[in-house]
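Participant: Keeping their order, the protein sequence lines are chains A and B. Counting from 1, position 167 in the first sequence corresponds to residue 162 in the working numbering; the numbering is continuous, with no gaps. Counting from 1, position 125 in the second sequence corresponds to residue 120 in the working numbering; the numbering is continuous, with no gaps.
Read the hints as simulated data drawn from the structure, not as lab findings. Do not take every clue at face value.
To be verified - Derived list of chain B stretches under chain A, where covered just means 3 residues or more per stretch with a C-beta under 8 Å from a C-beta of chain A: (1) -1 to 8; (2) 136 to 144; (3) 162 to 168.
To be verified - If you want the footprint, here are the derived chain A segments under chain B, 3+ residues with CB under 8 Å: (4) -1 to 12; (5) 72 to 84; (6) 111 to 123; (7) 134 to 143.
What the hints assert, rightly or not - Pulled from the structure, derived: some chain A residues nowhere near chain B, Cβ distances all over 12 Å: (8) Ile58; (9) Gln87; (10) Arg105; (11) Met149; (12) Arg154.
The beta-carbon is built from N, C-alpha and C at its ideal position, and this holds for glycine as well.
Protein chains: 2
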Amino acid sequence: MDHNLQDTIALLSHTPAALNALLRDLPDVWTRRNEGDKTWSAFDIVGHLIHGERTDWIPRTKIILESGEARPFDKFDRWAQARESEGKTLPQLLDEFARVRGESLAELRRLNLQPRDLARRGRHPALGDVTLSQLLATWAAHDLTHLHQISRVMAHQYRDAVGPWTAYLGVMHCEGHSA
Amino acid sequence: MDHNLQDTIALLSHTPAALNALLRDLPDVWTRRNEGDKTWSAFDIVGHLIHGERTDWIPRTKIILESGEARPFDKFDRWAQARESEGKTLPQLLDEFARVRGESLAELRRLNLQPRDLARRGRHPALGDVTLSQLLATWAAHDLTHLHQISRVMAHQYRDAVGPWTAYLGVMHCEGHSA
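Next comes chain A alone, as it looks inside the complex (with noise of 0.2 Å):
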């Protein structure tokens, strides 16, 4: 299927509506444990959403707009959130998720993109030659993995609680598949 912009866009209007739905007040078993050593939490997922609002996607855009596949993106932090969430609890990271996808999506309405632009090449600095119309596909999978991530954290920590049932259970046998 290709690439349609208001489909993109739609996904990523419901994301921050449906963690906080998810996860506000639940009990911090579920939102603060993860699944081992230098693994994250729901907790630290939702500051690595934010950080990419800050500093992946219409940053990137906005590089492939201005300069092509002259400037490589820079590259981007995945462990900022643990100095950025420092402090915060769960509900404010949520309201400041919303918050920052509220802001880029205004933007990217204010970009007003055509077809032309969305055919526009960047270059990734480990990934090569990308699309502006793969960056933004990939900014709504992106929430999409990381939605796939949470639940998975979330059912580890009922692995011994629900017995021989993990058999059936396809999100116990998930490993991530993180590249």
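Here the structure of chain A is known, so what remains is to put chain B in place on it, guided by the hints.
Facilitator: Chain B alone, transformed into the frame defined by chain A:
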């Protein structure tokens, strides 16, 4: 981690609103497409969750409390939703899931389960001996395995659109791990 009934109830209480916020009013490309032959769309999965409320979790809880291991659980029909969801819209299914989940949780609270109840045993037709505690933990983990699945089915629709970024998106490499 041990099973905690209050943590289970907290999670079960959040799922309908989370699915509602994620899915309601999204374009059909996200909610009605699946991963290919004999796979499920988000629409199908919400129907499956409704069927579980009607025939699985509370009915099996009552079988354990009333008959213990003497009466095996009825088998669960994994394709019932194709029939039961026919002609309905996704918003109707989301409303229905919220209603039947609310009824299930009201019934669960009425049962006022104590530790000795949670330790009672039942018989699964394929898995053999299980406890009520394991059944209730599985109810929560089952929500999460389907949230994991929904995020994967949705991401699949952008498999081509993300181009080389697929390498960094774990969800694109997940095959579901179903037994």
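Participant: Now tell me if each hint is right for this structure.
Facilitator: Hint-by-hint comparison with the structure:
1. -1 to 8: holds (count 5)
2. 136 to 144: With 7 residues in contact (Cβ-Cβ under 8 Å with chain A), the coverage given for the stretch 136 to 144 of chain B holds.
3. 162 to 168: holds (count 7)
4. -1 to 12: That given contact holds, which follows from 8 residues of the stretch -1 to 12 of chain A lying within Cβ reach (below 8 Å) of chain B.
5. 72 to 84: violated (count 0)
6. 111 to 123: holds (count 3)
7. 134 to 143: With 7 residues in contact (Cβ-Cβ under 8 Å with chain B), the coverage given for the stretch 134 to 143 of chain A holds.
8. Ile58: holds, 15 Å
9. Gln87: holds, 19 Å
10. Arg105: Correct as stated: the minimum Cβ-Cβ distance to chain B is 22 Å, above 12 Å.
11. Met149: violated, 5 Å
12. Arg154: Nearest chain B Cβ is 8 Å from A:Arg154, so the label is violated.
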